[in-house]
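Visitor: Chain A is fixed; fit chain B onto it per the hints.
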Amino acid sequence: MDKNINIKVKVWRQNGPKEKGHFETYTLENISQGSSFLEMLDILNEKLINEGKNPVVFDHDCREGICGMCSLYINGHPHGPDEDITTCQLHMRKFDDGDTIVVEPWRSAGFPIIKDLMVDRTAFDKIIQAGGYVSVNTGGVPDANAIPIPRDKAEAAMDAAACIGCGACVAACKNGSAMLFVSAKVSQLALLPQGRIEAARRAKSMVAKMDELGFGNCTNTGACEAECPKNISISNIARLNREFLKAKFKD
Amino acid sequence: MSWLVKSSIGRKFIMSISGLFLILFLLFHMSMNLVLVFSLDAYDMICRFLGANWYAIVGTLVLAAGFIVHIIYATLLTLQNRKARGNDRYATANKSTATWSSKNMYVLGIAVLAFLVLHMMQFWYKMQFKEIVGDHTAIVEGSLLVVPFFQNPVNVIIYLIAFVALWFHLTHGFWSALQTVGLNNTVWMKRLKVIGNIVATIICAGFAFTAVYLYFAY
Chain A
1 MDKNINIKVK VWRQNGPKEK GHFETYTLEN ISQGSSFLEM LDILNEKLIN
51 EGKNPVVFDH DCREGICGMC SLYINGHPHG PDEDITTCQL HMRKFDDGDT
101 IVVEPWRSAG FPIIKDLMVD RTAFDKIIQA GGYVSVNTGG VPDANAIPIP
151 RDKAEAAMDA AACIGCGACV AACKNGSAML FVSAKVSQLA LLPQGRIEAA
201 RRAKSMVAKM DELGFGNCTN TGACEAECPK NISISNIARL NREFLKAKFK
251 D
Chain B
1 MSWLVKSSIG RKFIMSISGL FLILFLLFHM SMNLVLVFSL DAYDMICRFL
51 GANWYAIVGT LVLAAGFIVH IIYATLLTLQ NRKARGNDRY ATANKSTATW
101 SSKNMYVLGI AVLAFLVLHM MQFWYKMQFK EIVGDHTAIV EGSLLVVPFF
151 QNPVNVIIYL IAFVALWFHL THGFWSALQT VGLNNTVWMK RLKVIGNIVA
201 TIICAGFAFT AVYLYFAY
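If you read the sequences in order, they're chains A and B.
Per the numbering used here, the first sequence starts with residue 1, numbered consecutively.
Per the numbering used here, the second sequence starts with residue 1, numbered consecutively.
Simulated from the structure, these hints should not be mistaken for laboratory data.
Some hints here could point you the wrong way.
A few chain A residues that face chain B, going by a derived Cβ cut-off under 10 Å, partial list only [claimed, not checked]: (1) N75; (2) G110; (3) P112; (4) I114; (5) K115; (6) A172; (7) G176; (8) V207; (9) G214; (10) T221; (11) E225; (12) R239.
So, partial list: chain A residues that the calculated Cβ filter (under 7 Å) puts toward chain B [as the list claims (entries may be wrong)]: (13) H77; (14) V102; (15) R107; (16) D211; (17) F215; (18) G216; (19) N217; (20) N220; (21) N241; (22) F249.
Yeah, the Cβ is synthetic: ideal placement off N, Cα and C, and Gly gets one too.
With the rest of the complex left out, here is chain A (with noise of 0.2 Å):
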């Protein structure tokens, strides 16, 4: 049953960029458990906002776990202690009357803190601008059903597609690698006859980006697969690495 508790969040507070952050704890009495996590941060910021405080800064769009906008990391968890979800589909009836919640921001070389709790992740933009799209040229409509797909094909680059980009995989690595992110990216496209054109320049331009953006190696512990809110499997970075081997053995 849902309960209305009282409980303190401890946040990271970080004015630029270049500025030193720090911890600041604030209480919140009567917080519904049926309020989402980041209702609760926006009735923390209607309170810091009657007490003439700046609110905390923080991402968010959709609000229903599509979008990639909302981060977090949340008592030790990218979007939180809940499987599967970002954390705005995170609630309240997580946690317990007295809890103290740690809420910072993903902390990564690649994504720099903008201001608070927002990273910038254009990082990630960059990545599939230097190759995560099939290239459309000039020519008629082509019919839907030219092309077939077998079953298993269609299913695993629909699971890759999932991927909404919302960074968590780096922010749980321990490595600050984007293998899960670019990994997802490439094989949506690889496994299908539109993307296999590309697949090779695609993998190669889309690793040399990742690398010079300053993203780390991947060592393969799988923290990114455990908290990835879509459930994006990391046998995509053995198709990345596959895919990236056997572009550049054939140069």
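Guide: Only chain B this time, still in chain A's reference frame:
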């Protein structure tokens, strides 16, 4: 081929190939040790094969190169990964479920390296090295050195501890190496982990059995 050292996957490829090569060496070394259980004479015969012959020296050099590459790249990758993690660390410990050995491969590697140095001082230096440089005190018949060595329980215990560290290193290392070269998928993931555990157990159990057997048999 500059991509091998310039790209992250290239560097990891070097790690995995050198690692798989070292696993093959460990399998050979373990099999050779097991000969001690059956016959000291046969073991001495193998030791004579592996003395100062040209093929033994070439083999030793290739093996040393494998170790050096593996260690240098482990250090390089670990330093890069620490940098990629950023300066600010999480205040709350990372609670993500990942196996303990996978998160501590470098530490386990250092433990194995420390043991390797000790082990080479205790055996390789007195056997092959002295033989190559023409020192008369070189011990050609390995059993004369090995059997008395394992009469000391302290030595047995140090070696057993090292085998445990090696076991943890190999349980992650085996499947991880195959994942890195791309030989993995959803179906083979579990199988490779099981095979990795079996390989690690065979290697470490073989080593441990020989050490304990020698302690009790003589």
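Visitor: Next step is simple, just say for each hint if it's right about the structure.
Guide: Taking the hints in turn, this is what the structure says about them:
With 10 Å as the threshold, the beta carbon of N75(A) comes within range of chain B, its nearest partner Cβ sitting at about 6 Å, so the hint holds. A hinted interface residue such as G110(A) counts as satisfied when its beta carbon comes closer than 10 Å to some beta carbon of chain B; here the least separation is about 7 Å, so the hint holds. Because the closest C-beta pair between P112(A) and chain B is about 8 Å apart, less than 10 Å, the hint holds. Because the beta carbon of I114(A) sits about 14 Å from the nearest beta carbon in chain B, more than 10 Å, this interface hint is broken.
Interface restraint check: K115(A) against chain B, minimum CB-CB distance 14 Å, threshold 10 Å, status violated. With a cut of 10 Å, the hint placing A172(A) at the interface with chain B holds, because the nearest CB-to-CB distance is about 5 Å. Hint status for G176(A) relative to chain B: holds, with the closest Cβ pair at about 4 Å, below 10 Å. A distance limit of 10 Å between C-beta atoms decides the matter here; for V207(A) the minimum to chain B is near 6 Å, and the interface restraint holds.
Interface hint status for G214(A): upheld, as the beta-carbon distance to the closest one in chain B is roughly 6 Å, under 10 Å. At about 4 Å, the closest approach between the beta carbon of T221(A) and any beta carbon in chain B falls short of 10 Å, and the interface hint on this residue holds. Satisfaction of the interface hint for E225(A) is found here, the shortest Cβ-Cβ separation to chain B being roughly 9 Å, below the 10 Å cut-off. The closest approach between the C-beta of R239(A) and any C-beta of chain B is roughly 7 Å, which is under the 10 Å cut-off, so the hint is satisfied.
The beta carbon of H77(A) is positioned within 7 Å of a beta carbon in chain B (closest approach about 6 Å), and the interface hint is therefore held. Interface hint at V102(A): satisfied, since its Cβ lies 5 Å from the closest Cβ of chain B, which is below the 7 Å cut-off. Against a cut-off of 7 Å between C-beta atoms, the interface hint on R107(A) holds, since the closest Cβ of chain B lies about 5 Å away. Look at D211(A): its Cβ gets to within about 5 Å of chain B, closer than 7 Å, so that hint holds up.
Nearest Cβ of chain B to the Cβ of F215(A): about 6 Å, under the 7 Å cut. The hint holds. For the restraint placing G216(A) at the interface with chain B, the shortest Cβ-Cβ distance is roughly 3 Å, inside the 7 Å limit, so the hint holds. A cut of 7 Å between beta carbons decides the hint on N217(A): the least distance to chain B is about 4 Å, and the hint holds. The interface hint given for N220(A) is met, as the beta carbon of that residue sits about 4 Å from the closest beta carbon of chain B, less than 7 Å.
A distance limit of 7 Å between C-beta atoms decides the matter here; for N241(A) the minimum to chain B is near 4 Å, and the interface restraint holds. Checking F249(A) against chain B: minimum C-beta separation of about 9 Å lies over 7 Å; hint violated.
In summary, the structure is inconsistent with hints 4, 5 and 22 from the numbered list given earlier, while agreeing with the others.
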